[in-house]
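There are 2 protein chains.
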Amino acid sequence: MPKNFADRLLDAIDEKQNPSCVGLDPVVSDIPSTLKKRLLDEYKGRMESGNKWKVLFEATGEAIFRFNQGIIDASSEIVPVFKPNMAFHQQYGPEGVHAFWRTVDYIRQKGALVIADVKLEDIGKTASFYARGFLGAVELIDGTMASSFNVDAVTLSPYIGSDSVGEFVKVCAEHGKGGFVLDKTSNPSSGELQDLKLDDRHGGRLLYEHTALLIEQWSAALKGERGYASLGAVVGANYPEQAVRCREIMPNAVILVPAYGAQGGTGKDTIPNFNEDGYGAIVNNSSMLIFAYKFEPYRSRFGEEKFAEAARESALAMREDVISAMRSSGKIPSKW
Amino acid sequence: MPKNFADRLLDAIDEKQNPSCVGLDPVVSDIPSTLKKRLLDEYKGRMESGNKWKVLFEATGEAIFRFNQGIIDASSEIVPVFKPNMAFHQQYGPEGVHAFWRTVDYIRQKGALVIADVKLEDIGKTASFYARGFLGAVELIDGTMASSFNVDAVTLSPYIGSDSVGEFVKVCAEHGKGGFVLDKTSNPSSGELQDLKLDDRHGGRLLYEHTALLIEQWSAALKGERGYASLGAVVGANYPEQAVRCREIMPNAVILVPAYGAQGGTGKDTIPNFNEDGYGAIVNNSSMLIFAYKFEPYRSRFGEEKFAEAARESALAMREDVISAMRSSGKIPSKW
Numbered sequence: 001m002p003k004n005f006a007d008r009l010l011d012a013i014d015e016k017q018n019p020s021c022v023g024l025d026p027v028v029s030d031i032p033s034t035l036k037k038r039l040l041d042e043y044k045g046r047m048e049s050g051n052k053w054k055v056l057f058e059a060t061g062e063a064i065f066r067f068n069q070g071i072i073d074a075s076s077e078i079v080p081v082f083k084p085n086m087a088f089h090q091q092y093g094p095e096g097v098h099a100f101w102r103t104v105d106y107i108r109q110k111g112a113l114v115i116a117d118v119k120l121e122d123i124g125k126t127a128s129f130y131a132r133g134f135l136g137a138v139e140l141i142d143g144t145m146a147s148s149f150n151v152d153a154v155t156l157s158p159y160i161g162s163d164s165v166g167e168f169v170k171v172c173a174e175h176g177k178g179g180f181v182l183d184k185t186s187n188p189s190s191g192e193l194q195d196l197k198l199d200d201r202h203g204g205r206l207l208y209e210h211t212a213l214l215i216e217q218w219s220a221a222l223k224g225e226r227g228y229a230s231l232g233a234v235v236g237a238n239y240p241e242q243a244v245r246c247r248e249i250m251p252n253a254v255i256l257v258p259a260y261g262a263q264g265g266t267g268k269d270t271i272p273n274f275n276e277d278g279y280g281a282i283v284n285n286s287s288m289l290i291f292a293y294k295f296e297p298y299r300s301r302f303g304e305e306k307f308a309e310a311a312r313e314s315a316l317a318m319r320e321d322v323i324s325a326m327r328s329s330g331k332i333p334s335k336w
Numbered sequence: 001m002p003k004n005f006a007d008r009l010l011d012a013i014d015e016k017q018n019p020s021c022v023g024l025d026p027v028v029s030d031i032p033s034t035l036k037k038r039l040l041d042e043y044k045g046r047m048e049s050g051n052k053w054k055v056l057f058e059a060t061g062e063a064i065f066r067f068n069q070g071i072i073d074a075s076s077e078i079v080p081v082f083k084p085n086m087a088f089h090q091q092y093g094p095e096g097v098h099a100f101w102r103t104v105d106y107i108r109q110k111g112a113l114v115i116a117d118v119k120l121e122d123i124g125k126t127a128s129f130y131a132r133g134f135l136g137a138v139e140l141i142d143g144t145m146a147s148s149f150n151v152d153a154v155t156l157s158p159y160i161g162s163d164s165v166g167e168f169v170k171v172c173a174e175h176g177k178g179g180f181v182l183d184k185t186s187n188p189s190s191g192e193l194q195d196l197k198l199d200d201r202h203g204g205r206l207l208y209e210h211t212a213l214l215i216e217q218w219s220a221a222l223k224g225e226r227g228y229a230s231l232g233a234v235v236g237a238n239y240p241e242q243a244v245r246c247r248e249i250m251p252n253a254v255i256l257v258p259a260y261g262a263q264g265g266t267g268k269d270t271i272p273n274f275n276e277d278g279y280g281a282i283v284n285n286s287s288m289l290i291f292a293y294k295f296e297p298y299r300s301r302f303g304e305e306k307f308a309e310a311a312r313e314s315a316l317a318m319r320e321d322v323i324s325a326m327r328s329s330g331k332i333p334s335k336w
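Heads up: the protein sequence lines correspond to chains A and B, in order.
Counting from 1, position 215 in the first sequence corresponds to residue 215 in the numbering used here; the numbering is continuous, with no gaps.
Counting from 1, position 133 in the second sequence corresponds to residue 133 in the numbering used here; the numbering is continuous, with no gaps.
Calculated from the structure, these hints are not laboratory results.
Please note that the accuracy of each hint is not assured.
Copies of one chain are not kept apart here, so a pair can be met inside one copy or by any two copies together.
List time: in silico DSS-like cross-link candidates among lysine-lysine, alpha-carbon distance up to 30 Å [as the list claims (entries may be wrong)]:
hint: 1; residue 1: K223; residue 2: K37
hint: 2; residue 1: K268; residue 2: K125
hint: 3; residue 1: K294; residue 2: K170
hint: 4; residue 1: K54; residue 2: K44
hint: 5; residue 1: K294; residue 2: K197
hint: 6; residue 1: K294; residue 2: K223
hint: 7; residue 1: K16; residue 2: K52
hint: 8; residue 1: K37; residue 2: K16
hint: 9; residue 1: K44; residue 2: K197
hint: 10; residue 1: K3; residue 2: K306
hint: 11; residue 1: K52; residue 2: K197
hint: 12; residue 1: K16; residue 2: K268
hint: 13; residue 1: K335; residue 2: K110
hint: 14; residue 1: K16; residue 2: K44
hint: 15; residue 1: K268; residue 2: K170
hint: 16; residue 1: K44; residue 2: K268
hint: 17; residue 1: K125; residue 2: K306
hint: 18; residue 1: K16; residue 2: K197
hint: 19; residue 1: K3; residue 2: K197
hint: 20; residue 1: K110; residue 2: K306
hint: 21; residue 1: K44; residue 2: K335
hint: 22; residue 1: K335; residue 2: K125
hint: 23; residue 1: K223; residue 2: K52
hint: 24; residue 1: K268; residue 2: K37
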């Protein structure tokens, strides 16, 4: 029986005394130009002799992988979990997905956990193939089964309901993996659906509260030994009041908290997502951390050549910020 | 200014006098064993001399592509649009996405349209990268822009709201592309969220009706010359009453109708999705069509070697069924 994902995640958070997550959102125009220039030189010969467009896509995938690798090298001692987002990779087709695949593999080599940010949903059988591809085992042409992306958890969307999420829960139970279902997302328009008020038959709840109830039900099959479940929720750091409600409805969920950094959230804003025991949340930072070299106070101290060191400093500052907010609120693991 | 997607879709439907769509859901265990055996022979040498697992993934991707190719060859004269689903491809990582990429390219070569069934959503900037990758142009390592997957339309999920869908709408407007937003999906549990009753402030509507209103608003920027919009909705053939409501709320939407065939829908069930003018719906058939060789009446007439001919017969039968239901209801284009 593989170890439960929530247990593995809490152990990893304890080991690094850090409930934060690095979001790998590699925007090619923001990748240091020195790194891109070196690669263009490396690929120059192939570009001149072969299919230029194909080689350019390959070189772009390589730039993304090397950038991710730099960030992972610089921060995997500090952070327990990385969250590569598929959009930034898949936009380049198979070459981009190859960069995603190698990134996942590299994170695992460095001993950190991987959440694939893919926001998947589909009906029954189709969802099961996504689940097997990212979390379980796929059937190859000769009938053998093999693990494929083999990440630790994925993000999921709830609109299709149990027929989608349930397929992921089955694979998670079998393989010790996890999921985070979109509940109250960090974007300004998230209320268009998520804050809709339901009628009295549904207790006058808002839609995100109803989604939270469903997540609580779906997660029942995935409880770990440390009291948390391997199916959690996504709740933006910029909606602290909603986080309080989510925490009440889903006491055993691990909440993935985006919108720290770029979207304005601070360590203090993330506190409602934690339980009194100091667990139950993982705070994500993407652009402001991985592209720290572009922003003060890092820009003046690190040139673009030192983008990875800037990211490391930013990861350390984030840990300090989140932990000091946890300490002030009293929500900090007793053994830290 | 590129031609509007809805106009292109209606023209293609007219050209083939067929409002149906072939869903490419290639399940490896259902691909004819003769095709797989031939490929295993072809790849045998490489498997023995190289990295066996890597070669097995490549061979699996090749099997998927060749299967899709057989279906496309047999049916692209009959059907105007194909809908490859990412799940069945992406489960095999970069090799699977490569098969998806080649499939898209092959469909375009055959002069049919492509809807990528990806059910995408993400916040703002991230959604824009998905939109560019599937529908627009991506920035390569040297700063040049290139089209990537270059499909005609994608499926989308609405939970995140305008911040997600709006990014796709922008790219659709610029590149003459389209989208279909999940509204009332065909699965049994779709009501868990989609049938929730909202309170009186929202007119006591059900959630899927509210989603339909949002789709109607989002689609305003994408109206074509033939009266339809390039942003449509997904409404399952097995929910005909809900289809009537969706049709009322979104008079100018093209509705993508799954659940014909495998999920029990017939031509008659799809009629509420059409407008009186005989347009406004595209009916999808996946497994029952592409794997027709496994089911009667095709199984006895075609062996697995003739899986493509079985699919062709099934596509012809589906056109006949849908068109005769359209004719009986009076909802058929006047010029057919």
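Requested in this report: Give the relationship of K44 and K197 under a CA distance limit of 30 Å: within one copy only, between copies only, both, or neither.
Outcome: neither (58 Å within a copy, 60 Å between copies)
Query raised in the report: When no copy is named, should K16 and K197 be tagged within, between, both, or neither for a Cα gap of at most 30 Å?
Result: Neither. Shortest intra-copy (40 Å) and inter-copy (45 Å) distances fail the 30 Å Cα cut-off.
Query raised in the report: Should K223 paired with K52 be assigned to within, between, both, or neither, using CA atoms and 30 Å as the limit?
Result: Answer is neither: 51 Å inside a copy and 37 Å across each miss the 30 Å cutoff.
Query - Within, between, both or neither: K294, K170 at alpha-carbon 30 Å - result: Cα proximity of K294 and K170: across copies only (28 Å, versus 42 Å in one copy).
Query raised in the report: How would you label the pair K3, K306 (within, between, both, or neither) given a Cα cut-off of 30 Å?
Result: neither (38 Å within a copy, 46 Å between copies)
Report task. Indicate which option fits the pair K44, K335 if close means a Cα-Cα distance not exceeding 30 Å: within, between, both or neither. Result -> Classified as neither: same-chain Cα gap 54 Å, cross-chain 55 Å, threshold 30 Å.
Requested in this report: Go through the copies and call it for K268 and K125: within, between, both or neither, with a Cα cutoff of 30 Å.
Outcome: between (42 Å within a copy, 25 Å between copies)
Requested in this report: Check K294 against K197 for me: Cα-Cα at most 30 Å, and say if that holds within a copy, between copies, both or neither.
Outcome: Answer is neither: 41 Å inside a copy and 47 Å across each miss the 30 Å cutoff.
Query raised in the report: When no copy is specified for K125 and K306, does a C-alpha distance of 30 Å or less occur within a copy, between copies, both, or neither?
Result: Cα proximity of K125 and K306: across copies only (25 Å, versus 46 Å in one copy).
Query raised in the report: Between K37 and K16, at a C-alpha cutoff of 30 Å, which is it: within one copy, between copies, both, or neither?
Result: Intra 35 Å, inter 49 Å, cutoff 30 Å: neither.
Query raised in the report: Is it within, between, both or neither when you check K294 against K223 at 30 Å Cα-Cα?
Result: neither (41 Å within a copy, 40 Å between copies)
Requested in this report: Can you give me the call for K3 and K197, within, between, both or neither, at a CA distance of at most 30 Å?
Outcome: neither (39 Å within a copy, 40 Å between copies)
Checked against the numbered hints listed earlier, the structure breaks hints 1, 5, 6, 7, 8, 9, 10, 11, 14, 15, 16, 18, 19, 21, 22, 23 and 24; every other hint is satisfied.
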